[in-house]
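Q: Chain order of the listed sequences is A and B.
Mapped onto the working numbering, the consecutive letters of the first sequence carry residue numbers 1 to 382.
Mapped onto the working numbering, the consecutive letters of the second sequence carry residue numbers 1 to 345.
No lab work stands behind these hints, which were simulated from the structure alone.
It is possible that some hints are incorrect.
A short list of chain B residues far from chain A (calculated; beta carbon distances all over 12 Å) [unchecked claim]:
1) Val40
2) Pro45
3) Ser172
Taking beta-carbon pairs under 7 Å as the criterion, some of the chain B residues facing chain A (in silico) [to be verified]:
4) Gly46
5) Thr92
6) Pro274
7) Gly316
Cβ atoms here follow ideal geometry from the backbone N, Cα and C, with glycine treated the same way.
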Amino acid sequence: MAQQPTVTLPPGRDNLKKPPVVSIGFLGWIRTNLFSTWYNTLFTLLGVYILYLVFPPLFQWAILDAVWSGEDRTVCEWYDEDKVKYRAGACWLMVKVYFNFFTYGFYPDELQWRINLAFIILAISFSLMFIPNFKKKHYVGIFLFVFYPFIAFFLLSGNESLGLEYVSTHKWGGLFLTFLLGSIGIVFALPLGIILALGRRSKLPVVRLLSVIFIEFWRGIPLITVLFFAAVMFPLFVPQGVEIDNLLRCIVGLTLFGGAYMAEVVRGGLQALPKGQYEAAQAVGLGYWKMMALIIMPQALRIVIPGIVNTFIGLFKDTTLVFIISLMDLLLTVFTTNSNPDWMGFPFEGYIYAALVYFIICFSLSRYSLRVENKLMVAKQG
Amino acid sequence: MKISNVLKLFASTLILSLSSSVIADTLSDTQARGHVRCGVSQGLPGFSNPDENGNWTGIDVDVCRAVAAAIFGKGGDEKVEYFPTSAKERFTKLTAGEYDILSRNTTWTLSRDAKIGLTFNGVNFYDGQGFMVRKDLGVTSALELDGASVCVNTGTTTELNLADYFRANGMSYEPVVFEKADEVVAAYDAGRCDVHTTDKSGLAAQRTKTAQPDAHMVLPETISKEPLGPVTREGDEPWSDIVFWVLQALITADELGISGSDVKNIVGDTSQTPEVKRILGVEGETGAHLGLPKDWAYWAIFEVGNYGEMYERHVGMNTPLELARDGSPNAGWKNGGLLYAPPIR
Numbered sequence: 001m002a003q004q005p006t007v008t009l010p011p012g013r014d015n016l017k018k019p020p021v022v023s024i025g026f027l028g029w030i031r032t033n034l035f036s037t038w039y040n041t042l043f044t045l046l047g048v049y050i051l052y053l054v055f056p057p058l059f060q061w062a063i064l065d066a067v068w069s070g071e072d073r074t075v076c077e078w079y080d081e082d083k084v085k086y087r088a089g090a091c092w093l094m095v096k097v098y099f100n101f102f103t104y105g106f107y108p109d110e111l112q113w114r115i116n117l118a119f120i121i122l123a124i125s126f127s128l129m130f131i132p133n134f135k136k137k138h139y140v141g142i143f144l145f146v147f148y149p150f151i152a153f154f155l156l157s158g159n160e161s162l163g164l165e166y167v168s169t170h171k172w173g174g175l176f177l178t179f180l181l182g183s184i185g186i187v188f189a190l191p192l193g194i195i196l197a198l199g200r201r202s203k204l205p206v207v208r209l210l211s212v213i214f215i216e217f218w219r220g221i222p223l224i225t226v227l228f229f230a231a232v233m234f235p236l237f238v239p240q241g242v243e244i245d246n247l248l249r250c251i252v253g254l255t256l257f258g259g260a261y262m263a264e265v266v267r268g269g270l271q272a273l274p275k276g277q278y279e280a281a282q283a284v285g286l287g288y289w290k291m292m293a294l295i296i297m298p299q300a301l302r303i304v305i306p307g308i309v310n311t312f313i314g315l316f317k318d319t320t321l322v323f324i325i326s327l328m329d330l331l332l333t334v335f336t337t338n339s340n341p342d343w344m345g346f347p348f349e350g351y352i353y354a355a356l357v358y359f360i361i362c363f364s365l366s367r368y369s370l371r372v373e374n375k376l377m378v379a380k381q382g
Numbered sequence: 001m002k003i004s005n006v007l008k009l010f011a012s013t014l015i016l017s018l019s020s021s022v023i024a025d026t027l028s029d030t031q032a033r034g035h036v037r038c039g040v041s042q043g044l045p046g047f048s049n050p051d052e053n054g055n056w057t058g059i060d061v062d063v064c065r066a067v068a069a070a071i072f073g074k075g076g077d078e079k080v081e082y083f084p085t086s087a088k089e090r091f092t093k094l095t096a097g098e099y100d101i102l103s104r105n106t107t108w109t110l111s112r113d114a115k116i117g118l119t120f121n122g123v124n125f126y127d128g129q130g131f132m133v134r135k136d137l138g139v140t141s142a143l144e145l146d147g148a149s150v151c152v153n154t155g156t157t158t159e160l161n162l163a164d165y166f167r168a169n170g171m172s173y174e175p176v177v178f179e180k181a182d183e184v185v186a187a188y189d190a191g192r193c194d195v196h197t198t199d200k201s202g203l204a205a206q207r208t209k210t211a212q213p214d215a216h217m218v219l220p221e222t223i224s225k226e227p228l229g230p231v232t233r234e235g236d237e238p239w240s241d242i243v244f245w246v247l248q249a250l251i252t253a254d255e256l257g258i259s260g261s262d263v264k265n266i267v268g269d270t271s272q273t274p275e276v277k278r279i280l281g282v283e284g285e286t287g288a289h290l291g292l293p294k295d296w297a298y299w300a301i302f303e304v305g306n307y308g309e310m311y312e313r314h315v316g317m318n319t320p321l322e323l324a325r326d327g328s329p330n331a332g333w334k335n336g337g338l339l340y341a342p343p344i345r
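Chain A with its partners taken away, still in its complex shape (with noise of 0.2 Å):
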């Protein structure tokens, strides 16, 4: 906020009268944004009625008429001696009974700690990297892009030698697996995009169409596609006897999506630098690996980060597409809570429960890029 001028008034001038009441303050508020004119009332007016006709019933379904708790379907719906339908609101009882399913998928119920030790493994190092004062955070760092990923490795699928019980791929799901496939596409993305960006903007003609050819490769097809290719098609090309993860594959083919449209967010920060900041660097005696990693990266970088967390975002969200080669993510294990004839009929408490973590999860990539923005901005001033 703009700081206001400071007017010194002329002796017994000040104590002019105070401005009416209804142009300051809340009600000056609503008067200027709400109607300052005709048709902004008019608008006004037209979505206050929207919102009276939507929130009061969805509020009575979602919370006041709602089923939290309770045995089985029987509390959110029920039959009269006419066998006329009875239904309570929302039936957040579904989603209760079927909490463990949608978080874990199919990962056995006493194997489930795994997850939730590599989750607080994680967490725990991710919060360190928040503590402002903390000065080992490098350590953090190594640990958290050498170390972590065998270790959850290990903890997740498991190994025998290691006294772990062997988990096969297909029965991750849930929204561990949404996390995991969006965990990692983002973590390898972003490197792939960084080389693939530098790549194209190499003087090495070959290097350059390489790169050229990838990108557009990646950027001209779906997604979908790309994951039908992983899931169904890839088998059939290499020879019988070898196994690929099926997992795997699909995590490879997001990864390799997704560095393609991060090399083009990361380009367009190498272009926005000025030509100087190279010649400058160049001047100084750095060689091209030097430059870019101290010069160049770091202030193209911070010029892109609302794009780099655009893509983020976005790939977090293709993360769902999956569920066309049956991996059973967060949204495909609601959905197939529809065919439990034990609990079909409720998808939309499935959905809305959906909607909100995806919310969640994406707001807070939000709110957490704006927070590192504002702290490099500074950074830069300072």
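Once you've looked at the hints, dock chain B against the given chain A.
A: Quick look at chain B alone, frame taken from chain A:
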């Protein structure tokens, strides 16, 4: 979607060229692995759907459980890994060896059997397309539906069967098409059309989703043949034989009245008929011919129950689907149905 259509075409050509070169011994692979790999749907009420604890259940799932019990004996029905698969990818994944049985409400047709390189191993459910109407419409036969508006899934064989049926009977209709099954039933329930059509097992499930299930009825006509059964890869006869005969054993047990709960008592009862003794492995060499233990059918019946029990558990009158078995093609041949298992000897 165009590209995926091209890919599909490409894929099926490839499968054709590859499938002949596959030399596999699925039974010993399965025994070495310790579990059966089974392709199921992404959720179809009563056939294969995960329950709220993440366990697969349904009449298609039971076929895989029975095969596993026949191979692994006591407790073997647990030794199955399920691979949910969409209608699009089900055959490719089977042919590529991702799973070994496809038990996913798959209709047995000539082109699938002969062209794609699949083997169909009997039928575990005779389905067929039917019509659902409001009772107050006063219609008792599909032949009275001239001029009706019909809610239907677009781009399915259902839509084609519908067109064929009305044309063959010289009737007109007004299609109201939707992309998803849930949209179809919602539109029908909201009164946007007079008739809802899909496979009869599907209609039964959809009926329970309407606001007042009892106000709707399924008309008696069945306008298409949809024999659904387990599918295996072509070229591994011993494996296909196992899947086929395990299903036949469950059907025979139903015919002979051997249920899962008292098969234990029957097997020790020396006064039983030779036929019963043969199927339970007390006499004869049926197991050896299939490469399975002597008591393969005993364990399949013990763990899963006979066909009738399987049917009643998942789609019968005591389930929300309420599909009556008597009078349907899924009754035994002695009761006027189509289930007729070849002799197990």
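Q: Evaluate each hint against the coordinates.
A: Here is how each hint holds up against the structure:
1. In this structure Val40 of chain B is not separated from chain A by more than 12 Å, as the shortest Cβ-Cβ distance comes to only about 10 Å.
2. Not every CB of chain A is more than 12 Å from the CB of Pro45 of chain B (nearest about 5 Å), against its label as outside the interface.
3. With a least beta-carbon separation of about 33 Å from chain A, Ser172 of chain B lies farther than 12 Å from that chain, consistent with its non-interface assignment.
4. Restraint check, Gly46 of chain B versus chain A: the minimum CB separation of about 6 Å is within 7 Å; hint holds.
5. Hint status for Thr92 of chain B: holds, given a least beta-carbon distance of 5 Å to chain A, under 7 Å.
6. With its C-beta approaching chain A no nearer than about 40 Å, Pro274 of chain B sits outside the 7 Å limit, and its interface hint is violated.
7. The beta carbon of Gly316 of chain B comes no nearer than 11 Å to any beta carbon in chain A, farther than 7 Å, and the hint placing it at the interface is violated.
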